[in-house]
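2 protein chains.
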Amino acid sequence: MREDADAPVAEAADALPQVRDSDGNLADGFREAIRAAIAARDVDRLRALTGDLHEADMGDLIEELDGDERRRLIEMLGPAFDFTALTELDETVRVGILRGLSPLTVARGMRDIDSDDAVYILEDLDEEEMAAVLQHLPAPERVALRRSLDYPEDSAGRRMQTEFIAVPPFWTVGRTIDYMRETPDLPETFYEVFVVDPAYRLVGSVSLDRLLRTRRTMLVTQVKTEQLKGVKATDDQEDVARLFERYNLVSAPVVDDAGRLVGVMTIDDVVDVIQEEADEDLRALAGVGSDEELSDSVAYTAKSRLPWLVVNLGTAFISASIIGLFEATIEKMVALAVLMPIVASMGGNAGTQTMTVAVRALATKELSSHNARRIVSREVLVGLFNGLALACMLGLIAGAWFANVQLGAVIASALVMNMMAAGLFGILIPLAISWLKLDPAVASGVFVTTVTDTVGFFAFLGLATWWFGA
Amino acid sequence: MREDADAPVAEAADALPQVRDSDGNLADGFREAIRAAIAARDVDRLRALTGDLHEADMGDLIEELDGDERRRLIEMLGPAFDFTALTELDETVRVGILRGLSPLTVARGMRDIDSDDAVYILEDLDEEEMAAVLQHLPAPERVALRRSLDYPEDSAGRRMQTEFIAVPPFWTVGRTIDYMRETPDLPETFYEVFVVDPAYRLVGSVSLDRLLRTRRTMLVTQVKTEQLKGVKATDDQEDVARLFERYNLVSAPVVDDAGRLVGVMTIDDVVDVIQEEADEDLRALAGVGSDEELSDSVAYTAKSRLPWLVVNLGTAFISASIIGLFEATIEKMVALAVLMPIVASMGGNAGTQTMTVAVRALATKELSSHNARRIVSREVLVGLFNGLALACMLGLIAGAWFANVQLGAVIASALVMNMMAAGLFGILIPLAISWLKLDPAVASGVFVTTVTDTVGFFAFLGLATWWFGA
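Respectively, the protein sequence lines represent chains A and B. 261 is the number that this note's numbering gives to position 261 of the first sequence; each next residue is one higher, with no gaps. 65 is the number that this note's numbering gives to position 65 of the second sequence; each next residue is one higher, with no gaps.
Extracted from the complex, chain A is given alone in its bound form:
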């Protein structure tokens, strides 16, 4: 968002390259202009190019530069560089930049930004590096940041902004508005004003639109909303996100154990949490670590993905050993080897469908013990119906392929069994994992496909052995 500009500046801006192309990606021309300015050490040109750049655009730009260019960009811009842009970067890139700058430079950058952004930037550093930065900050800011950093990772205390407006209950609406007009150092953006008692305990809040449409003589306590659903600093950010989402909040006060107001969570942080959370489920289901980023190195990526693949290797041996039980049958009838992956694969797909629905429904609290029974029977019936439909097709094609009607009947029956198992275990496994208070997204996939592979091979080869004789 470009701030209001006088006409001459607006005209000059026309001469600068477009920041984004029509697809919403950073424009090549803009990036190359920045690169050229860095290479030419042309500070004026660089400042002109980045003058009214939003922190998000600056973040995207930094991601596309190489390591050395990143450091030089920040050094050349000096105090004109808004460190908030670092919150937009992948963790690897951010930490790399912070380590390349002097602690004093980082500390100066931290002073100019909101406390929640400073915490977000500093929390990835190790204790020593953090201390080196914090020692360059004035005591009040250092204490506030340190207090936020002492809250557990992913808690409301880490994500909250410690700048807010709190007024005593006996103030009028008019006095509150005058106070805001006269105080120069207000938070950058805010959506409500809090009412606190002398011990700084939260009494209620007044939204700005409420403040604006109320007569100046009213007391703030007369127009305040009581916050019965307050956020505790130790609450997990996901629970806070759920609260914002459910009640359409834009900001919420954060209180400590004693009920004292210590900060405010705002919707922009919550949007990031919601995005992250859905992303985590998606990655977990695919066996990708939640902290993997596009900028990670080959070695790091390979290492982080390996454990899941090793687990999968173990379960693959379980299904292989099921096949091993029927070696004699396969030897007599090699068509079974050709067809058996079909039964396993269909079950795996159906199981994944059910499991994905279950994992998301558990995450959004739509699936609970109250409706679990209904959903379990629905999924088994869906497995039965789709199993029957697919079994007709599969039985006909397989029977025709090997000119063996009985083989067609055997594979069709095995498919129906496996599709029902897929529906049943596709929902029971995530439910069981969530009852154990673990994250169903992480572990469900491996169990579900193990079950569908095992049941698939066992049902098909077992039925064939029984029917055709070993």
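There could be a bad hint or two in this list.
Claimed, not checked - If you anchor each label on the Cβ, the simulated ranges turn out as follows: (1) B/Ala166 - A/Met218: 38 to 48 Å; (2) A/Leu186 - B/Lys437: 19 to 29 Å; (3) B/Tyr200 - A/Glu163: 45 to 55 Å; (4) B/Cys392 - A/Glu163: 37 to 47 Å; (5) B/Ala432 - A/Lys303: 21 to 31 Å; (6) A/Met218 - B/Arg216: 11 to 21 Å; (7) B/Ala80 - A/Arg175: 28 to 38 Å; (8) B/Gly29 - A/Pro152: 25 to 35 Å; (9) B/Cys392 - A/Gly96: 49 to 59 Å.
Claimed, not checked - Take a look, some chain B residues computed to stay more than 10 Å from chain A by CB distance: (10) Ala39; (11) Ala48; (12) Asp82; (13) Leu125; (14) Gln135; (15) Ala139; (16) Asp197; (17) Val298; (18) Leu336; (19) Gly399; (20) Leu424; (21) Leu436; (22) Asp439.
No lab work stands behind these hints: they were computed from the structure. Model, not experiment: these values are computed from the prediction. Don't be surprised by glycine CBs; every beta carbon is placed ideally from N, CA and C.
Knowing the structure of chain A, use the given hints to seat chain B on it.
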């Protein structure tokens, strides 16, 4: 959020059952109290129970009632029922309720709620039902709703609120604040005031905090922010969500083709879009329709999941026919049949890991033509490294199992090949689909696993045939 209440009411509220239990689910006691009140036709008790219930809690409550109870709840509450609660429901449930009520009752409900919520509720009805409701509304509201409904599905025009505050450029801050104090019929919540010219074209906006901290004598044009990144009513809601997310917006003006202000999009709608979008990717990757809901019937669910399974049946035949090419080899060495699913399954998992990362990176615009080359080579190298690591384990175990070192070497080589293919196609397929302007989440999965199955079976059985002779 309970509104500020006088002491007696607050005391009475203590006697009512808790709405939510400690896990954040709707409490059983509360639901049963509601059920009992409905069964006893006790309107007073029902109103006392639901008096200060938030629309989100009301929505969750309705979901847990059965069809008849839902209708009776709404009828018993009468004008006290806030139709906004319907926006919290699954589409199937919402449409069921709307069809059970008279068009006049629905129209009365629509008059009391925000226009964006009314559009969200009405858009699922068919044309005739919609017309029946709209005819009971006064002309100005009918026209406004109709105009929103005429915008394409999932566009900003559908999601925008048509209630907003717009002032002429020559107004002062003081006059704007006085206007808000004196106008009774303001939007329920708002975060900014818009400045429009006499033709109602958008000139800029002023956030409420800006308004509050500025002297009354300043002109609104002097404090306005120019909206260079305006939202068009025809823009897709996902593009709007991306804009809100990138620039941390809480509201944005929506303009028509002529640049006239027609509405405002607010963050609460955008949060829903972000959530939906991530959910859609997740479901699409698992082959579940994006509109499937937990309350859908068995028949509907089965029907919507079947097409993907049929496609999978087709691709399963492709891999089966690859195995069919090597029947003679398998007949001679049945151990191949036992081991071959391992190679295919490992490739499928590795391919899914890569594909998931690629699909999300494409959705969030992190992956573009600019860094595609680097990411492709990273993924192939990750496949190579993890392939080598896993091949050692697999080769040793398989060789020992069948007391055949050469078999171990063959399966190890086949695994490395398939893991590299998984990395390569896991990223190339989503990229290619997005270049075709299609949604990579929908179609990538089936192509990737087809490739890894085919390559897996072909590499393993082909190498074995070449090494051991057919």
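Looking only at beta-carbon atoms, does the pair A/Leu186, B/Lys437 fall within the given range of 19 to 29 Å?
The hinted range 19 to 29 Å is violated for A/Leu186 and B/Lys437, with Cβ atoms some 46 Å apart.
For the pair B/Ala432 and A/Lys303, does the Cβ-Cβ distance stay inside 21 to 31 Å?
Holds, since B/Ala432 and A/Lys303 (Cβ atoms, about 28 Å apart) stay within the stated range.
Going by Cβ atoms, does B/Ala139 stay more than 10 Å from chain A at every point?
holds (27 Å)
Reported absence of B/Ala48 from the contact zone with chain A (all CB gaps over 10 Å):
Nearest chain A Cβ is 17 Å from B/Ala48, so the label holds.
10 Å cut-off, C-beta based - B/Gly399 kept clear of every residue in chain A
The claim stands: B/Gly399 keeps its Cβ more than 10 Å from every Cβ of chain A (closest is about 13 Å).
For B/Leu424, is the shortest CB-to-CB distance to chain A above 10 Å, so the non-interface label stands?
holds (14 Å)
Non-interface claim for B/Asp197: all C-beta distances to chain A beyond 10 Å?
Holds, because the least Cβ-Cβ distance between B/Asp197 and chain A comes to about 16 Å, which exceeds 10 Å.
Do the Cβ positions of A/Met218 and B/Arg216 conform to the proposed distance bound of 11 to 21 Å?
Between A/Met218 and B/Arg216, where Cβ atoms are some 18 Å apart, the hint holds.
Looking at B/Leu336 again, its CB stays over 10 Å from all of chain A?
violated (8 Å)
Is 49 to 59 Å respected by the C-beta to C-beta distance linking B/Cys392 and A/Gly96?
The hint (49 to 59 Å, Cβ to Cβ) is violated, given that B/Cys392 and A/Gly96 are roughly 33 Å apart.
Determine whether the non-interface label on B/Ala39 survives the test: each CB of chain A must be over 10 Å from its CB.
holds (18 Å)
Should the label of B/Leu436 as a non-interface residue stand, given a Cβ cut-off of 10 Å to chain A?
Correct as stated: the minimum Cβ-Cβ distance to chain A is 14 Å, above 10 Å.
Going down the numbered hints, you'll see the structure goes against 1, 2, 3, 4, 9, 17 and 18, while the others check out.
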